[in-house]
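> Chains as they are written, first to last, in the working numbering: chain X, 1 to 236; chain F, 1 to 238.
It is worth saying that the hints were derived from the structure and are not from the lab. A couple of the hints might just be wrong.
As the list claims (entries may be wrong) - PhoX-like mimics (lysine-lysine), calculated; alpha carbons at most 20 Å apart, straight line: (1) F:LYS196 <-> X:LYS147; (2) F:LYS149 <-> X:LYS216; (3) X:LYS147 <-> F:LYS149; (4) X:LYS147 <-> F:LYS32; (5) F:LYS149 <-> F:LYS196; (6) F:LYS57 <-> X:LYS51.
Given the structure is predicted, the values throughout are model-derived calculations rather than measurements.
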Amino acid sequence: MDDRDFVRPDGRQCNELRPCLIRTHIIGNADGSAEIRLGNNWIVVAVYGPKEHHPKFESSQDRAIVNCRYHMVPYSTSERKSPKLSRREIELSKVLRNALEQVILLEEFPEMSIDVYIEVLQADGSTRVASLTAAAVALAEAGIPMKDLVVGCTVGKYRGRLVLDMNEEEDRDSDADLSVAILPNLRRVALLQLDGKLTHEEFKIAFEMAKEGAIKLHEEQVKSLVKAFERAEAKG
Amino acid sequence: MNEGITKNIVIPGFKIKCKLPKRLFDEYFINKVGNEYFSSIVGLLSCGKITRIIPYKEIYRPKRGDYVVGAVIGYAPNGWILEIGSYAKAFLPAVEIIDKHRVDMREDELSSYLSIGDFVGAQISEVHKLGYFVAIVRSSKKKNVILGKIKEYYLLKISTNKASMILSRKNGILAQLREKLKIDIYLANNGVMLFKGGTHEYYLMSKIVDAIESTVELSELNSLISYIEKEGVSYGRS
């Protein structure tokens with residue numbers, strides 16, 4: 001069966017993204033904030049800082065420290081999740097922090113810290129890359145200097161086919177899940193995680209698919225930031 | 001007037017194609033990778049004789065010599081801690097306020113000079129690489145600014161990128177405002193606007209601040225002066 005004839009549970013094509021909407025300035029009290037709705041995913045990100053890092057002895061003398069907290073609210077999944085940070089969330093917080101550290105010009109703010117709070121209000125697969133996409137927009141909105149926007153996308157192997165931007169249902173039955181985050185203008189990879197097995201050829205195709213998906217999401221990021229700028233210009 | 005100037009919105013990672021000066025003024029806004037230049041913030045790129053990025057939102061980064069208005073938020077063993085609207089706090093040494101050759105902390109109670117919540121006008125004398133600033137008052141040679149504890153002044157806040165744009169123009173908007181409105185106005189580099197007056201002046205100044213905040217380029221603000229004069233009349237001062 002050709003890839004074009006293969007229909008996914010939600011009726012999408014193999015290389016089709018879910019509808020995506022990114023909005024900025026969601027939380028008035030934060031220095032920068034953004035919201036992403038990718039299919040049924042609904043994630044809100046708030047950024048605070050740069051500000052003095054406490055405790056002082058943990059601060060770095062040559063760069064700022066990024067504190068990232070990825071958290072899923074109890075009602076984000078079909079079964080109630082404990083509000084306590086799970087091991088998965090702690091791991092993802094670290095993974096996302098590492099990806100964000102690659103884009104922020106941290107050396108501009110020694111001894112400071114930048115806090116990134118990611119709240120998953122509704123989860124439907126690929127939340128880590130969706131969070132990263134929204135976090136980059138929130139950081140840019142906060143006026144934090146960055147090398148580039150970081151944007152991510154997933155590709156999975158579902159029923160023997162490589163599919164772009166997997167949802168929860170596909171994720172559960174998938175044989176492999178590849179998460180990729182890139183810096184589209186600088187052409188660098190910020191995050192690469194593979195769960196499961198892919199052949200060398202499959203990996204190459206999956207990586208290219210993820211890159212193409214990420215570039216499409218990058219257009220949404222740009223659109224949201226340009227809209228925010230125009231809104232500020234038109235205000236008053 | 002704006003011939004040869006092109007403007008477009010840039011976001012982090014956008015390649016800057018227009019010619020850049022040898023020495024970049026805002027290295028902070030422009031990121032160099034190899035021989036290519038990229039924008040590092042969201043803003044308006046203005047390409048002309050001077051290439052620059054007007055930021056959408058800017059984090060105030062004090063420079064040596066900047067005039068700032070800060071609020072006292074705490075005490076240090078030998079001075080005060082000021083919040084100046086930047087990413088780090090400023091330190092104001094006790095000798096800068098207490099008029100003595102030698103300050104003895106056992107005798108001089110800091111809160112009797114400046115207490116928490118007081119506003120102070122000061123000059124930045126030191127920008128430490130490790131993220132703290134030293135403010136001075138007595139030893140400052142800055143003219144035409146309010147130094148020390150601020151009393152009987154209204155304070156309004158504008159964004160720091162707008163403040164730097166206003167202050168970079170000598171005899172510009174600030175001088176015109178002083179002349180036309182006959183209000184004693186001062187603007188600090190951290191975006192705090194100080195002025196004296198009553199309700200009428202406060203009304204006018206809040207209108208001006210709104211107008212400043214809503215324009216991206218201050219070249220458009222030249223028409224603001226006429227608007228202010230009109231507002232002043234329509235407010236009904238008899």
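> All the hints need checking, so say for each whether the structure fits it.
Going through the hints against the structure:
About 43 Å separates the Cα atoms of LYS196 (chain F) and LYS147 (chain X), which puts this hinted pair outside 20 Å; it is violated. Taking the CA atoms of LYS149 (chain F) and LYS216 (chain X), the gap is near 54 Å; set against the 20 Å cutoff, the hint is violated. At most 20 Å may separate the alpha-carbon atoms for a hinted pair to count; LYS147 (chain X) and LYS149 (chain F) exceed this at roughly 41 Å. For the hint pairing LYS147 (chain X) with LYS32 (chain F), the CA-to-CA distance comes to about 9 Å; that is within 20 Å, so the pair holds.
A distance of roughly 15 Å separates the Cα atoms of LYS149 (chain F) and LYS196 (chain F); the hinted pair therefore holds under the 20 Å criterion. For the hint pairing LYS57 (chain F) with LYS51 (chain X), the CA-to-CA distance comes to about 16 Å; that is within 20 Å, so the pair holds.
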